[in-house]
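Assemble chain B onto chain A, guided by the hints.
Read top to bottom, the protein sequences are chains A and B. FYI, in the numbering used here the residues of the first sequence are 1 to 891. FYI, in the numbering used here the residues of the second sequence are 892 to 989.
Hints in this document: simulated from the structure, not taken from any laboratory. In this text, a Cβ means the ideal position worked out from N, Cα and C, and glycines have one as well. Treat the hints with caution; some may be incorrect.
[To be verified] Computed Cβ-Cβ distance ranges for the label pairs, DEER-style: (1) A:10 x B:962: 36 to 46 angstroms; (2) B:902 x A:778: 52 to 62 angstroms; (3) B:963 x A:43: 37 to 47 angstroms; (4) A:18 x B:970: 36 to 46 angstroms; (5) A:429 x B:968: 47 to 57 angstroms; (6) B:963 x A:94: 34 to 44 angstroms; (7) A:43 x B:902: 23 to 33 angstroms; (8) B:963 x A:464: 51 to 61 angstroms; (9) A:12 x B:902: 34 to 44 angstroms; (10) B:968 x A:94: 43 to 53 angstroms; (11) B:962 x A:48: 30 to 40 angstroms; (12) B:902 x A:464: 41 to 51 angstroms; (13) A:429 x B:970: 49 to 59 angstroms.
[Said to hold, decoys possible] Covered stretches of chain B (in silico footprint by chain A; criterion: 3 or more residues with CB under 8 angstroms from a CB of chain A, positions within the stretch not fixed): (14) 918–927; (15) 944–954.
[Said to hold, decoys possible] If you want a taste of the chain B side facing chain A, the calculated C-beta under 8 angstroms gives, among others: (16) 907; (17) 931; (18) 972.
Chain residues, written in single-letter form:
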Amino acid sequence: MRRGAAGGPPRVLEALLERALPEGEWRDTILGDLHEEFAETAARSGRPRAALRYLGAAAGVALRGAWRRRADAVGSAGGGTMRGFWNDDVKVALRGYRKRPAVTGVMVATLAIALGANAAVFSLLDALFLRPLRFEEVDRIAMLAEHATTDRVEYVQQSVAPATFADWRRELTSFSALAAADYWDANLQGRERAERVQGFRVSPEFFSILGVRALRGRTFHEGEDVPGRDRVAVIGSALWARNYGSDPTLLGSEILVDGEALTVVGIAPQGFDFPYGAELWAPLALDAEAASLRSPRYLTVLGRLAPGSSLRDASAELRVVDERLRAEHPELVNRRARVMTLNEGVRDIGVGPFLAVWQLSALLVLAIACVNVANLLMARGAERQRELALRQALGARRGRVLRQLLTESAVLAMASAAVALPVAHLATLAMRERMPASIARFVAGWREIDVDGRTIAFTTGIALLAVLAFGVLPALAATRPQLVAALRDGGRSATAGARRQRSRNLLVVTEIAVALSLLVASALSAKSALVMLDGPQGYEPAGVLKAETVLPEMRYGDAAARARFVRDSLAELRGLPGVEAVAAANVLPATGENHGATLELEGEVYATGAERPVADWRSVSPGHFAVLKLPILDGRAFRDGDAEDAPPVAIVSESLALHHWPPGSAVGRRVRDGEDGPWVTVVGVCGDVVHHWFAGRSSPTLYRPAAQSPTARLALALRVTGGDPEALGAEMRRAVARVDPAQPLSMVQSQRRSIQEGTIGLQYAAAIMGAFAGIALVLAVSGVYGVMAYRVSQRTQEIGVRLALGGSRRQVAGLILGQTGALAASGVGLGLLLAAGLARGMESAFVGVLRIEPLPFVAMATILALAALAAGWVPTRRALAVDPSTALRAE
Amino acid sequence: MILLAVLRLGQGAYSALVRREIEDRAGRRVARGALYTSLERLEGKGCLKSRLGEPLPERGGRARRYLAVTPRGVRALREAQAAMAGLREGLDAVLERS
Numbered sequence: 001m002r003r004g005a006a007g008g009p010p011r012v013l014e015a016l017l018e019r020a021l022p023e024g025e026w027r028d029t030i031l032g033d034l035h036e037e038f039a040e041t042a043a044r045s046g047r048p049r050a051a052l053r054y055l056g057a058a059a060g061v062a063l064r065g066a067w068r069r070r071a072d073a074v075g076s077a078g079g080g081t082m083r084g085f086w087n088d089d090v091k092v093a094l095r096g097y098r099k100r101p102a103v104t105g106v107m108v109a110t111l112a113i114a115l116g117a118n119a120a121v122f123s124l125l126d127a128l129f130l131r132p133l134r135f136e137e138v139d140r141i142a143m144l145a146e147h148a149t150t151d152r153v154e155y156v157q158q159s160v161a162p163a164t165f166a167d168w169r170r171e172l173t174s175f176s177a178l179a180a181a182d183y184w185d186a187n188l189q190g191r192e193r194a195e196r197v198q199g200f201r202v203s204p205e206f207f208s209i210l211g212v213r214a215l216r217g218r219t220f221h222e223g224e225d226v227p228g229r230d231r232v233a234v235i236g237s238a239l240w241a242r243n244y245g246s247d248p249t250l251l252g253s254e255i256l257v258d259g260e261a262l263t264v265v266g267i268a269p270q271g272f273d274f275p276y277g278a279e280l281w282a283p284l285a286l287d288a289e290a291a292s293l294r295s296p297r298y299l300t301v302l303g304r305l306a307p308g309s310s311l312r313d314a315s316a317e318l319r320v321v322d323e324r325l326r327a328e329h330p331e332l333v334n335r336r337a338r339v340m341t342l343n344e345g346v347r348d349i350g351v352g353p354f355l356a357v358w359q360l361s362a363l364l365v366l367a368i369a370c371v372n373v374a375n376l377l378m379a380r381g382a383e384r385q386r387e388l389a390l391r392q393a394l395g396a397r398r399g400r401v402l403r404q405l406l407t408e409s410a411v412l413a414m415a416s417a418a419v420a421l422p423v424a425h426l427a428t429l430a431m432r433e434r435m436p437a438s439i440a441r442f443v444a445g446w447r448e449i450d451v452d453g454r455t456i457a458f459t460t461g462i463a464l465l466a467v468l469a470f471g472v473l474p475a476l477a478a479t480r481p482q483l484v485a486a487l488r489d490g491g492r493s494a495t496a497g498a499r500r501q502r503s504r505n506l507l508v509v510t511e512i513a514v515a516l517s518l519l520v521a522s523a524l525s526a527k528s529a530l531v532m533l534d535g536p537q538g539y540e541p542a543g544v545l546k547a548e549t550v551l552p553e554m555r556y557g558d559a560a561a562r563a564r565f566v567r568d569s570l571a572e573l574r575g576l577p578g579v580e581a582v583a584a585a586n587v588l589p590a591t592g593e594n595h596g597a598t599l600e601l602e603g604e605v606y607a608t609g610a611e612r613p614v615a616d617w618r619s620v621s622p623g624h625f626a627v628l629k630l631p632i633l634d635g636r637a638f639r640d641g642d643a644e645d646a647p648p649v650a651i652v653s654e655s656l657a658l659h660h661w662p663p664g665s666a667v668g669r670r671v672r673d674g675e676d677g678p679w680v681t682v683v684g685v686c687g688d689v690v691h692h693w694f695a696g697r698s699s700p701t702l703y704r705p706a707a708q709s710p711t712a713r714l715a716l717a718l719r720v721t722g723g724d725p726e727a728l729g730a731e732m733r734r735a736v737a738r739v740d741p742a743q744p745l746s747m748v749q750s751q752r753r754s755i756q757e758g759t760i761g762l763q764y765a766a767a768i769m770g771a772f773a774g775i776a777l778v779l780a781v782s783g784v785y786g787v788m789a790y791r792v793s794q795r796t797q798e799i800g801v802r803l804a805l806g807g808s809r810r811q812v813a814g815l816i817l818g819q820t821g822a823l824a825a826s827g828v829g830l831g832l833l834l835a836a837g838l839a840r841g842m843e844s845a846f847v848g849v850l851r852i853e854p855l856p857f858v859a860m861a862t863i864l865a866l867a868a869l870a871a872g873w874v875p876t877r878r879a880l881a882v883d884p885s886t887a888l889r890a891e
Numbered sequence: 892m893i894l895l896a897v898l899r900l901g902q903g904a905y906s907a908l909v910r911r912e913i914e915d916r917a918g919r920r921v922a923r924g925a926l927y928t929s930l931e932r933l934e935g936k937g938c939l940k941s942r943l944g945e946p947l948p949e950r951g952g953r954a955r956r957y958l959a960v961t962p963r964g965v966r967a968l969r970e971a972q973a974a975m976a977g978l979r980e981g982l983d984a985v986l987e988r989s
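Chain A on its own, in the form it takes in the complex:
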């Protein structure tokens, strides 16, 4: 073990320090010394104390190291300047801050919160969007995809037909190798019980393209992708540890997958689970017939660029090959091929807009923080007017004083960044752990979220930008040449005051405006998350327990066997205590799975190549509607009589019926799925369900009786009377094991939990926006308070005069509050415009999910205006309470 988990300092701090110190033999010595010291302090006074001391010591050593490095880099000639810079500017800055610990603390905390939010969002952006996968030379790995000219081109995985893949593999020379991967729901008969694991069938070149070598044993050899020679498997190290206790003798022995014996030839390296959290890989061996198909398209195709060729070359070559293939195969007329980097290919399509909105919001929070700090610095600049004027009078050029002031701002920003990074680390950790593993595996890069070197660089960068934002204005204001006035004792220049007042007013207005737009945005996203989670689903999710399983081809190849499994399992489940109704379906709502079909409606004529209507396709047992309490609006539900040999029937969802037929006329019509299926009579219309929050409640759906169209992919569901349905989970597993002990259930959970996990992205969005808005509100209100307090305190004398001359307290209060009100009103007005823009952006990012409503705008504007008035009222009341004579004597 390199690091003692219990005795050592927090790993973030140690890693940060390691980065900060100059490389060399002394670095390890210093790290070791501090580590040892930490252990001693921790034993004596506890870990928190030790961590604090460690932080102090590390900061001291790191600063020293950093400056020496700078000095070394500048060389001996410039060394003196660096030292001068260090001694004069930085030390003066530190001394100044040490004298005002409270204000400094507020400024550092303000900036640290904002920088922390930015760092956390950036680490998300980096891991999920910029580089989700971190394989060796990942830029040289490409993903190739086919798409129909009418498709949305974002869906690129699992999009290539076997014959097309074979053509590409034969003809493309810009790639040193191409591999295909095919999604595989594998049932693994483990040593103790059966388990459903995520598998992929892959070409032998798959591993070498990714640059991945087996931890033990080997990956696949050339020629193992031939039917008959493909009975080998590579398993993931987590699965190896979980099911086989990392037993080395597993190599070379056989495991039973989907009823077929495979020889384990290799263990994948730790952490390798590409794609989609895969734990089991077997060779993709297509027989001649399957390999010759140009549809369906279900392969994910990867390639490694040949030495010397670029992605551009590959793209050009693919275009040529693609055109030729289209000429040879007329059925490809509407297909296009394209190539992209692997990281572009695996990127979660919904994630980009989310992250963009978050990063924008985080920058807005930073903007507010900068405004607050600028306000404080301006107040400070006013106090230091005489000191700065003196420096200039003694011969310092304005630039020299500016340098001093900007150095002070930079020191502030760097200190805040140092505080912000550990905070951001904790935030990312919390985000990573809250995400259910079943979702995280589909989000490429989720595990990589952390505060790393790039995040640190980004944070430092925006901290320096922030210096420009908050430091420059006050510095310019403070060094504006007006020596005589400033040096004169007690000199107060009315015009300068007015000018400074104006810029402060501008800051307050900006602050209110930005905070309001964030508040509105967060209210909108919170509301849409709530609606998705608890709003109407079209059925009743409470009280439903569900499980999934996939019947393997090997043992359940014929429809009768599949139907038998469903019948026996449902009979077993019906016998469980408290069970009201049971059902089987190919897909349940909100499970992240889907199955679609192309329909033909009787009476419509479809030209060749023309688009046919597409609908979600469900195969359900008669109990489905009772279990989900899915209302039948017209006609009837399925019944046991809709058996294999009975006339084929279907139920359509309301949206499908209304889209194609006049209201009330759906029952009795005939449809078929695909061009060659049998005609099926519609016997009923049911309500629509929210299948996926992104699509809302409008997915047209065709239901068929399970007995007439049994599927391999199954979801079993039961409705219980009262109590927590998940309490029945173990019973449910046992009941199905009685039917077939080799058939594992996965995702055994309540329907409510499915919905919750399915909408997790939205909940994250709402929570993060909520946090941003909260921070923005606090910062904005405290900013308004600060400005008003300063203003009122400057006007204490004036207030005294007004009161002494007979002005009533009400009049004076009205005067001051009127000014606050004017500021708040302009801020709110500007903020509403900004909020409308942001909301429009979010609406297009979360299509169909987020609706713009007036209520959040009005509510948030009111809250913010009231908060601003309150912030102005507190100092006003204090000023009014002062006796006029005291106020007059104040100067």
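Just chain B now, kept in the frame of chain A:
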């Protein structure tokens, strides 16, 4: 001062101990940054030499750097002491009185 501390500690001298020794004996706080800089400079001048010990778990698997004063360091010390003594000559009365 650092050289003296290293000499005092003998065989087992390493950076963290040196710091503590100076703080205990001389009653002065030593900034870590300054200490490491000085140690590195003294090593550069050939007054100190260092060797790495075994990696230790309580140091997070890192080795201690044991320090020893070289003959050259001893000579430098002696010269410094002599310089001090030269300056001090004739001041005993003043220094002891106060």
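Which of the stated hints cannot be reconciled with the structure, identified by number in ascending sequence? Structure breaks hints 8, 10, 11, 18.
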